[in-house]
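The residues making up each chain are set out below.
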Amino acid sequence: MNLTLRVWRQKNAKDRGRIVEYKVHDVSPDMSFLEMLDVTNEQLIEKGEEPIAFDHDCREGICGMCGLVINGIPHGPESATTTCQLHMRNFSNGDTITIEPWRARAFPIIRDLIVDRTAFDRIIRVDGKAGGFVSISTGGVPDANAIPIPKDDADLAMDAAACVGCGACVAACPNASAMLFVAAKVGHLGLLPQGQTERHNRVLRMVSQMDKEGFGGCTNMGECAAACPKEISLDFIARMNCDMIKASFVKG
Amino acid sequence: MATDSQVKLDPKIPSGPIEQRWDKHQFEMKLVNPANKRKFTIIVVGTGLGGAAAAASLAELGYNVKSFCYQDSPRRAHSIAAQGGINAAKNYPNDGDSIYRLFYDTVKGGDFRARESNVYRLAQVSVNIIDQCVAQGVPFAREYGGLLDNRSFGGAQVSRTFYARGQTGQQLLLGAYQALSRQIGLGNVEMHSRTEMLDLIVVDGIARGIVTRDMITGKVESYLADAVVLATGGYGNVFYLSTNAKGCNVTASWRAYKRGAFFANPCYTQIHPTCIPVSGDHQSKLTLMSESLRNDGRIWVPKKAGDQRSPDQIPESEREYYLEEKYPSFGNLVPRDVASRNAKLVCDAGRGVGQGGFGVYLDFSDSIKRLGKNVIQERYGNLFDMYQRITAENPYEVPMRIYPAIHYTMGGLWVDYNLMSTIPGLFVLGEANFSDHGANRLGASALMQGLADGYFVLPYTIGNYLAQAKLPKVEVGQAAVREAEVEVTDRNKRLLGINGKRTVDSFHREVGKLLWDKCGMARNDKGLKEALKLIPEIRAEFWKNVRVLGANEEVNQALEKAGRVADFLELAELLCLDALKRTESCGGHFREESQTPDGEALRDDDNFAHAAAWEYAGPKNQPIRNQEPLVFEYVHPSQRSYK
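Chains as they are written, first to last, in numbering that gives the first Met the number 0: chain S, 0 to 251; chain E, 0 to 642.
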């Protein structure tokens, strides 16, 4: 296939950035989207032009490092699929494809298609006192089978824990809200007995940190869940709102 | 010719019965007083299972920790991609498992090339790992009664593998990441993401810091410490195509090697039997399909060479379930090296399937008939979806096609029982070290080792070192530190200044293909010698003709890659040299000259019951091959049999 790419190029955080058009040839339908970008970059380097910078690592859809807005959709047209798992057979010869970075105030652009997502790390860690973790140290814990957990709860916790932290939910949201990301971690730990002790503090602190990072509020549009490559359900946002209300009463 | 020198490598194995060694050693080790711990700074490079677990645990103990990773977040380290599970000798299923059996299976699975005492300790602490992870909130699979579920894995006849769907590595890593995040939040760990280690600082023979490059600004900086921990993973990407993440590299280990850390058994590379076959020249990486699939999938090829019929047109009588037939007691669950080699044999005989003939079927139709589609979906749904996305074939309806691919490296920096390398103060964890898996790693044991090293071994042994080490003050301005910085800066300048005609990837592909052909699933004297002649030529061409555009003082992914590939081009030579010198077959290292009459790997215990630890001898000299003899007091070496 031969394609026309319209790619966001931006030298660094201070540069204004612009869309640049490239023709790319010899694209096979069996290539992944990132392999298509590899081919484009090889062709650019041969012409003496600097390659397009984009984040990627495992290329198996699990590390959460890759993420491009493809024709306006985070991670592209195929549902439940990260950019690295999207294959070129979803496109046709002669197509024009627009490729942009995640756009959100809390995710500043570093270069080209690379953004800074460290805000997510700060939401997980907060100040080390109740956040996206269970406050236990190594050693001195009970036997793994000491606390039975109903299978349904464990399965639902796993649904939430599957979040890869890619940020597509933020990129998809008209408000650039991080509610789905936060709700996934709050839901995962809140469903398990190990997460109960800090349940109220966790939700209050994580949401407060999310606000501080400059993410927008949630207006239940559902774009986040539609873009999520791991199909994290909106139900977790409802669950988190519930927890928030309870926590506000308990903690004032 | 490399010479076999007799430098004494002291593995520092404690004395006494094997089951008491670790306990005794823990008691005998010196402790650092809680108030003194904060006076020590420890650098941990890498945030996978080993690195994140170590950084969190050390910070909890009170040490000052500085943690580094090249990704944008510590949560992305490649441990996250491990699918199938983690072994532990819990014996919850009551099927006869024990610490001793896990120890035995691991030593045997490693083809009697691992250090017994390390493996026993690994099996001992395996049970603590599961407790730790559950307490962190890792959502392992459970039975309806609420207790933990187990599955079987290759090389074992008990079910001792704990799992979280097909995402066990992800969940364990997120557990460790969360523990690490808590310590970062508390201010006990200083986190440096998007920062790559490019050299080790050794002052008066002791590891005292690292030189790094900030991957956003290009700034080269030194960080100093009282001890350095490398948890930087394996070197499988030297083959270009592997199941590793694209960023996985050998640079940290390689720089440590060039500063005096011995590199052990580089030729022990693991080729995983169940990966999605290569689809074309554009391929940038290979994708693993978890070994757990072999619990319910049956592997077969057509009996007739060149059979082009679609799989549903081939009747049972014309299929060969070659693993079940050849290895009736382990069947499809033979260890990885055996499964891979047999896939190669049938494909080389022209019976492979799919485009190019490099594939075998992994067929779930019997299991779907027996258990129902929903059970298979629950067990492997995400893997089936991934397969379908990549190949556009539905594995519920047509058998998967799989082929072996480079997956893991058992070789790595040599460490003693305390996980310390031959450079005092440099500790090495997880896949980056060499110690626990011998010549072949069993499935679901990498996660176990990473977490064992990070949570339960290093936090003790590093204290013993720090309590006794004499560590004079080091400063950023002093000569050894400045020299290392200048070397890093000059090298980057040199890479940017070549401005040749070929891309970095073209060199990486070239050396990777050469290694796969000459030092892949089967190796022989002639091929290895050819590779050893060609690799220096590729390397010379690289330094003359590579094209790296842009500058150092910006995000420059081509420059990052060029530095890593330059190191791979050196490692490739050591890998082949090690494979050439080890004229026996063992585990993943199959020398065609050394096989049993029925084609199994034939060890030569008289001459090779040792770890080969390579010592760097300068750019002009062959490295020196040192030996650590391996003593088997408990599991007596025998011809491995899975029949």
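Take these hints with a grain of salt, some might be off.
[Unchecked claim] Quick list of the computed label-pair ranges, beta carbon to beta carbon:
no., chain 1, residue 1, chain 2, residue 2, range
1, E, Glu-18, S, Pro-147, 26 to 36 Å
2, E, Asp-203, S, Arg-5, 14 to 24 Å
3, E, Asp-203, S, Ser-247, 12 to 22 Å
4, E, Lys-303, S, Pro-149, 36 to 46 Å
5, E, Arg-481, S, Gly-71, 46 to 56 Å
6, E, Leu-548, S, Ala-225, 34 to 44 Å
7, E, Lys-257, S, Arg-88, 43 to 53 Å
8, S, Lys-46, E, Thr-216, 47 to 57 Å
9, S, Gly-71, E, Gly-476, 50 to 60 Å
10, E, Thr-488, S, Pro-149, 53 to 63 Å
11, E, Ser-364, S, Lys-46, 44 to 54 Å
Derived by calculation from the structure, the hints in this document are not laboratory data.
Don't be surprised by glycine CBs; every beta carbon is placed ideally from N, CA and C.
Fill in: Which numbered hints fail
Violated: hints 2, 3, 4 and 8.
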